[in-house]
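Enquirer: If you want the building blocks of each chain, they are given just below.
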Amino acid sequence: MSALPRDAARTEAPPQSWRLRRSGLLPGFSFTFGFTLFYLGLIVLFPLAVLLLKAAQLSPSQIWGIVSEPRALAAYRFSFGASLTAALLNALFGLLVAWVLARYRFPGKALCDALVDVPFALPTAVAGIALTSLLAPNGLIGRLFDAVGIQIAFARPGVVIALTFVGLPFVVRTVQPVLLELDPALEEAAAVLGASRLQTFLRVLLPAIFPSLLTGFALAFARALGEYGSIVFISGNLPGKTEIVPLLIVTKLEQYDYAGATAIAAVMLLLSFLLLLAINLLQTRTRAARAVRK
Amino acid sequence: MSVTVRNLTKRFTASAGSPRAPAVADASFEAPDGAITTLLGPSGSGKTTVLRAIAGLEQPDSGTILLDGVDCTAIPARRRGVGFVFQGYALFAHMSVRDNIAFGLQVRKMPRKEIAERVDELLSLVQLEGLGARYPKQLSGGQQQRVAFARALATRPRVLLLDEPFGALDAQVRVELRSWLQRLHAQTHVTTLLVTHDQEEALELSQHVVLMRAGRIEQVGTPHDLYDHPSTPFVASFIGGATVLRGRVEGTRAAIGPLSVAAPDGALEGAGLQAFVRPHDVRIARATDQSAVSLGKIEKLVRVGGFVKVELRLPSGEAMTVQMAKTELDALGVAEGDRVLVDLLAAKVFVEDYSI
Numbered sequence: 023m024s025a026l027p028r029d030a031a032r033t034e035a036p037p038q039s040w041r042l043r044r045s046g047l048l049p050g051f052s053f054t055f056g057f058t059l060f061y062l063g064l065i066v067l068f069p070l071a072v073l074l075l076k077a078a079q080l081s082p083s084q085i086w087g088i089v090s091e092p093r094a095l096a097a098y099r100f101s102f103g104a105s106l107t108a109a110l111l112n113a114l115f116g117l118l119v120a121w122v123l124a125r126y127r128f129p130g131k132a133l134c135d136a137l138v139d140v141p142f143a144l145p146t147a148v149a150g151i152a153l154t155s156l157l158a159p160n161g162l163i164g165r166l167f168d169a170v171g172i173q174i175a176f177a178r179p180g181v182v183i184a185l186t187f188v189g190l191p192f193v194v195r196t197v198q199p200v201l202l203e204l205d206p207a208l209e210e211a212a213a214v215l216g217a218s219r220l221q222t223f224l225r226v227l228l229p230a231i232f233p234s235l236l237t238g239f240a241l242a243f244a245r246a247l248g249e250y251g252s253i254v255f256i257s258g259n260l261p262g263k264t265e266i267v268p269l270l271i272v273t274k275l276e277q278y279d280y281a282g283a284t285a286i287a288a289v290m291l292l293l294s295f296l297l298l299l300a301i302n303l304l305q306t307r308t309r310a311a312r313a314v315r316k
Numbered sequence: 348m349s350v351t352v353r354n355l356t357k358r359f360t361a362s363a364g365s366p367r368a369p370a371v372a373d374a375s376f377e378a379p380d381g382a383i384t385t386l387l388g389p390s391g392s393g394k395t396t397v398l399r400a401i402a403g404l405e406q407p408d409s410g411t412i413l414l415d416g417v418d419c420t421a422i423p424a425r426r427r428g429v430g431f432v433f434q435g436y437a438l439f440a441h442m443s444v445r446d447n448i449a450f451g452l453q454v455r456k457m458p459r460k461e462i463a464e465r466v467d468e469l470l471s472l473v474q475l476e477g478l479g480a481r482y483p484k485q486l487s488g489g490q491q492q493r494v495a496f497a498r499a500l501a502t503r504p505r506v507l508l509l510d511e512p513f514g515a516l517d518a519q520v521r522v523e524l525r526s527w528l529q530r531l532h533a534q535t536h537v538t539t540l541l542v543t544h545d546q547e548e549a550l551e552l553s554q555h556v557v558l559m560r561a562g563r564i565e566q567v568g569t570p571h572d573l574y575d576h577p578s579t580p581f582v583a584s585f586i587g588g589a590t591v592l593r594g595r596v597e598g599t600r601a602a603i604g605p606l607s608v609a610a611p612d613g614a615l616e617g618a619g620l621q622a623f624v625r626p627h628d629v630r631i632a633r634a635t636d637q638s639a640v641s642l643g644k645i646e647k648l649v650r651v652g653g654f655v656k657v658e659l660r661l662p663s664g665e666a667m668t669v670q671m672a673k674t675e676l677d678a679l680g681v682a683e684g685d686r687v688l689v690d691l692l693a694a695k696v697f698v699e700d701y702s703i
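Which chain is which? The protein sequence lines are Y and F, in order.
Okay, so the first sequence: first residue is 23 according to our numbering, each after it adds one.
Okay, so the second sequence: first residue is 348 according to our numbering, each after it adds one.
To be clear, the hints were calculated from the coordinates, so they are not data collected in a lab.
Built from N, CA and C at the ideal position, the CB exists for glycine as well.
Among the hints, erroneous ones may be present.
[What the hints assert, rightly or not] Listed next, with one range per pair, are the computed distances between beta-carbon atoms:
1. Y:Thr58 - F:Asp545: 46 to 54 angstroms
2. F:Val417 - Y:Asp205: 45 to 53 angstroms
3. F:Arg455 - Y:Ala71: 54 to 62 angstroms
4. Y:Ile65 - F:Asp545: 52 to 60 angstroms
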């Protein structure tokens, strides 16, 4: 058989190189880039710099003493552990909710769809009060668990539930549009090629939605790390047990220990930033694997 | 492996849940073993639904699908052993070309080494050696289409089903891939069903054509059968771009205004008829006397490469398209606005059942 010459010419990819400028339809790269830096600096970096400045009033050994005391260490562990658990739960069940909303038609679908956004809009303190009254040992659901000796509110499970509540919309809203746009022929192609439903899901669908799932996970995780309002009510705030970092910071502020509060805040900031950066890098790598480089 | 479709009916429910006209109504045909069979028809004629039902992607409301004489209507798509090439390719974007082709073998748990050998074999069959590590988006449309073919052929399917395989490609690539597909079929001899709305594709590629219209099968036969002996007015007008002229039976002739061709046997005197005239079954000659016997007026001359389309207006007011070689027209020496003599070399005549 002879080759098809025109196709061959088209696949010659230009050499890849890092470029600062990328010509596009819209002009004004330097202006928009400059403004982006200025804006991020003003809104994000500037307040953070003030925070670090405040913490810098203390000597390094003082800072180390504050940020490494057992109470603070327990709070970091609990904050990150609970947030991670909540984000994982959200990734799993949010994917399920997104799947059902994207794939099926059923009565009350619009209502369900709207319900997903409620945690976005509801003041989290309200969510905290509602969840606490529900899960407290004398609450509607808490009573059942209390009978078998499991405490939910004022214990770690309650915190995870509250964090799951506030993070739910992120996964659903990032995965849902991707699922909607997924070509149904992909699943059909897998089926005709002999794949089972599980194989189709694991090998065809999941890889296609994984980047968006990762984004949703990262957002839910970040949201949970910063959550304060609902946790105050449900956690019971037992130092060393159910105390989250934001709460520890507020406690210190209430004791007029501004420098100590900012020192712990700075650690929290650094850890969160490193984690989110890692997730972003992972995302870049997943995307790069299928990037269009023409 | 022959494919037999018997009394296939499929109805889709409209969005409000009310029944609509069936997408396919009582369709029966057989695609012979080892041949390329085309399902041809205008869009919305149900041809893709038939193809999807054969693949098991669509469950028919009634009727049976037989592969090699065995009823497999109830067998799920993944166990039918067919290959399917989708209109939009449906390649897995996150997998390399190699992994796409290997997918059907991997889910069958074929040993890794055999998979690698089979993939190499297919890459050379579709002339994509060296592009195995690329991702689908890094390929041109024609190359993606060939990956889709390789992926479908990898599992050695008993039947290859192609849904408008060249629909998304530009004209020149289409023509190239058409002859490529013919060569591929000559190598593999796999029974192939091809859905297309392009009659040229159907006539050129297939040994067997199933012409569909509005969910029903109009005619089944070889491309020559359909072209030379259309069984219904629809087939006559769909294939070959014929002009329809109205006339009347007069004795043994079908009179179409001042023109006439032989009428079919046993036609009732005076019965109305439709004559389908192909653009190259008309001869025109220069009218020497502009006023007397001239039969048509040249409204427009459209040159397409070596051919010229002549648009004629007949005295009855009907329009007719004639196609002739550019050299032939030059020899005639006619121009737009000229009156010409018209002669029908052949026409397919359908006598209407009723007469006035």
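Enquirer: State, for the Cβ atoms of Ile65 (chain Y) and Asp545 (chain F), whether the hinted interval 52 to 60 angstroms holds or is violated.
Expert: 57 angstroms, holds
Enquirer: Go ahead and decide if the range 45 to 53 angstroms is satisfied by the Cβ distance of Val417 (chain F) to Asp205 (chain Y).
Expert: 31 angstroms, violated
Enquirer: Between Thr58 (chain Y) and Asp545 (chain F), does the beta-carbon spacing fit 46 to 54 angstroms?
Expert: Holds: the Cβ-Cβ distance is about 50 angstroms, inside 46 to 54 angstroms.
Enquirer: With 54 to 62 angstroms as the target window, see if Arg455 (chain F) and Ala71 (chain Y) comply at their CB atoms.
Expert: 59 angstroms, holds
Hint 2 from the list above is the single one not met by this structure.
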